[in-house]
Amino acid sequence: MFYEILLNKQKNKLIFRMRIFNRILSFIFFVSVVIAMLLPGSLNEIKNYYIYQYIFFAIIFILLFFASFYKDTYVFDKDTEEIKIMKGLIFLWRSKKYYFKDLNSIYLKKIFKKRGFLNINIKDEYVYTLGFKISGKYFILENRMDEIKANKWIELIHGFFPYEIKESDV
212 MFYEILLNKQ KNKLIFRMRI FNRILSFIFF VSVVIAMLLP GSLNEIKNYY
262 IYQYIFFAII FILLFFASFY KDTYVFDKDT EEIKIMKGLI FLWRSKKYYF
312 KDLNSIYLKK IFKKRGFLNI NIKDEYVYTL GFKISGKYFI LENRMDEIKA
362 NKWIELIHGF FPYEIKESDV
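Numbering-wise (the working numbering), the sequence shown opens with residue 212 and increments by one.
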């Protein structure tokens, strides 16, 4: 799973944030790919690259850089009844504030998971997409959750909010 869910000690803030472990792994991958691109070649070999090779390396470098330093956090504060969404690079993120009254619904969609060709399992399997609909915008947290984890997250969300929140799949 890509996100982790936290509840502070006073139980007044519910935080969804990207796992630090995933960001560390993407940073290690970023450094290793950059080293692998530059280390084996000498400067003469790099000078002889075609233009599309330079473009390809630049695109890979930029995408891995953004993946390594991207931050995505959702903070639900019960005291001020605010929803704070922080997205972007760690040092350049944008912060938006919403209020609990702007929270339209919890987005929960059940999707049939296709079985592999050699899978003999007869039971139908489903994955769940979980997110929020705030002021008409959808914010997807997890795209492929199992049923147990989705139900735990929904139960925690319903227990945190002081009033009833409806669930929707559209």
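Among these hints, one or two may not hold up.
Here are the simulated DSSO-like pairs of lysine-lysine, each with C-alpha atoms no more than 30 Å apart in a straight line [what the hints assert, rightly or not]: (1) Lys363 x Lys344; (2) Lys363 x Lys320; (3) Lys321 x Lys298; (4) Lys258 x Lys307; (5) Lys289 x Lys220; (6) Lys348 x Lys282; (7) Lys321 x Lys377; (8) Lys321 x Lys308; (9) Lys377 x Lys295; (10) Lys258 x Lys348; (11) Lys224 x Lys298; (12) Lys224 x Lys377; (13) Lys224 x Lys360.
Listed next, with one range per pair, are the computed distances between beta-carbon atoms [said to hold, decoys possible]: (14) Leu249 x Ile359: 42 to 48 Å; (15) Lys363 x Glu256: 49 to 55 Å; (16) Lys307 x Ala269: 37 to 43 Å; (17) Tyr265 x Gly370: 52 to 58 Å; (18) Lys312 x Phe268: 24 to 30 Å; (19) His369 x Tyr263: 14 to 20 Å; (20) Leu236 x Ile270: 17 to 23 Å; (21) Asn259 x Leu367: 25 to 31 Å; (22) Trp304 x Ile359: 28 to 34 Å; (23) Ile231 x Arg305: 28 to 34 Å; (24) Ile359 x Gln264: 43 to 49 Å; (25) Arg305 x Ser243: 55 to 61 Å; (26) Ser243 x Phe213: 30 to 36 Å.
Since the hints were made in silico from the structure, they are not lab data. We put the CB at the ideal spot given by N, CA and C, even for glycine.
Those earlier numbered hints the structure runs against, lowest number first: 4, 10, 16, 18, 19, 21, 23, 25 and 26
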